[in-house]
Amino acid sequence: MVLWTLWFVLVYTYHGIFIWLKKFFTASGLIPNPLLYYFIVTSIQVPGYLVATILLDRVGRKKVLLIFLTLSGLGCLGFSLANDFTSILVTSSIISFFNLGAWAALYTYTPELYPTEIRATGSGSAASCGRVGGILQGPITGAVLMLLGLQATFLKFAILHWVAAITVLLLGIETIGKTLEELTAEQR
Numbered sequence: 001m002v003l004w005t006l007w008f009v010l011v012y013t014y015h016g017i018f019i020w021l022k023k024f025f026t027a028s029g030l031i032p033n034p035l036l037y038y039f040i041v042t043s044i045q046v047p048g049y050l051v052a053t054i055l056l057d058r059v060g061r062k063k064v065l066l067i068f069l070t071l072s073g074l075g076c077l078g079f080s081l082a083n084d085f086t087s088i089l090v091t092s093s094i095i096s097f098f099n100l101g102a103w104a105a106l107y108t109y110t111p112e113l114y115p116t117e118i119r120a121t122g123s124g125s126a127a128s129c130g131r132v133g134g135i136l137q138g139p140i141t142g143a144v145l146m147l148l149g150l151q152a153t154f155l156k157f158a159i160l161h162w163v164a165a166i167t168v169l170l171l172g173i174e175t176i177g178k179t180l181e182e183l184t185a186e187q188r
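Numbering (our numbering), first residue to last: 1 to 188.
Think of the hints as simulated: they come from the structure by calculation, not from any bench.
Because the structure is a prediction, the values reported are computed rather than measured.
A hint or two may mislead.
Claimed, not checked - Simulated DEER-style distance windows between Cβ atoms:
{"no.": "1", "residue 1": "147", "residue 2": "40", "range": "26 to 32 Å"}
{"no.": "2", "residue 1": "118", "residue 2": "142", "range": "33 to 39 Å"}
{"no.": "3", "residue 1": "159", "residue 2": "19", "range": "35 to 41 Å"}
{"no.": "4", "residue 1": "115", "residue 2": "150", "range": "39 to 45 Å"}
{"no.": "5", "residue 1": "19", "residue 2": "181", "range": "21 to 27 Å"}
{"no.": "6", "residue 1": "121", "residue 2": "50", "range": "26 to 32 Å"}
{"no.": "7", "residue 1": "148", "residue 2": "178", "range": "42 to 48 Å"}
{"no.": "8", "residue 1": "35", "residue 2": "159", "range": "43 to 49 Å"}
{"no.": "9", "residue 1": "169", "residue 2": "131", "range": "21 to 27 Å"}
{"no.": "10", "residue 1": "149", "residue 2": "182", "range": "37 to 43 Å"}
{"no.": "11", "residue 1": "39", "residue 2": "122", "range": "33 to 39 Å"}
Where a beta carbon is used, it is the ideal one built from N, C-alpha and C, also for glycine.
Working from the sequences, and respecting the hints, build out all of it.
In structure tokens:
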């Protein structure tokens with residue numbers, strides 16, 4: 001359930017935010033060159049991924065997921081309240097950095113939670129839940145945007161990030177430094 005939730009939320013929020021972000025920039029009327037700033041903001045994903053990768057073996061998968069999901073949610077909350085050029089760019093950059101950093105943790109965490117015999121099937125089923133999130137995000141994000149506006153759309157993204165963080169906090173197990181046998185015993 002932890003991995004399915006994480007995959008659903010991260011695919012949903014990643015695609016929901018970054019497919020629509022250039023449109024949000026354009027619609028705000030505050031971003032002078034939306035395509036350029038879209039490129040800049042999405043480029044910030046690379047250092048986010050690298051920082052998360054470095055932290056994974058230092059602080060653990062669970063902590064990285066908690067921190068990156070929580071801060072990505074805070075970025076979404078900030079974006080929902082942003083009303084000027086600087087706040088839009090800062091908050092969208094925070095989202096970009098921390099959302100993709102959470103992906104680095106998820107790609108490491110997923111196979112570690114499955115025994116070798118079912119690792120490929122388990123990882124595939126978790127990723128499939130993500131694909132469902134990716135499919136649903138388009139019509140849901142569009143409907144929320146049309147009916148309730150940009151603020152509600154990003155509040156929804158914030159809440160989803162925080163639901164994933166709470167799921168990791170309450171149900172996730174730390175995998176760093178543990179053998180497959182230890183992890184399998186913990187999950188029983």
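Consistency of the hints with the structure:
1. In this structure the hint that residue 147 and residue 40 lie 26 to 32 Å apart at CB holds, the actual value being about 30 Å.
2. Distance hint check for residue 118 and residue 142: the Cβ-Cβ separation is about 36 Å, which falls inside the suggested range of 33 to 39 Å.
3. Remark: the range hint 35 to 41 Å for residue 159 to residue 19 is contradicted by a beta-carbon distance near 19 Å.
4. In this structure, residue 115 and residue 150 meet the distance hint of 39 to 45 Å, their C-beta atoms being roughly 44 Å apart.
5. Hint check: residue 19 to residue 181, Cβ distance near 41 Å, so the stated range 21 to 27 Å is violated.
6. Between residue 121 and residue 50 the beta carbons are some 30 Å apart, a value that agrees with the proposed interval 26 to 32 Å.
7. For the pair residue 148 and residue 178, the beta carbons lie near 44 Å from each other, so the given range of 42 to 48 Å is met.
8. A beta carbon spacing of about 29 Å between residue 35 and residue 159 contradicts the range 43 to 49 Å that was offered as a hint.
9. For the pair residue 169 and residue 131, the supplied restraint of 21 to 27 Å holds, since their beta-carbon distance comes to about 25 Å.
10. For the pair residue 149 and residue 182, the beta carbons lie near 48 Å from each other, so the given range of 37 to 43 Å is not met.
11. One distance hint, 33 to 39 Å for the beta-carbon pair residue 39 and residue 122, holds here, with the actual separation near 36 Å.
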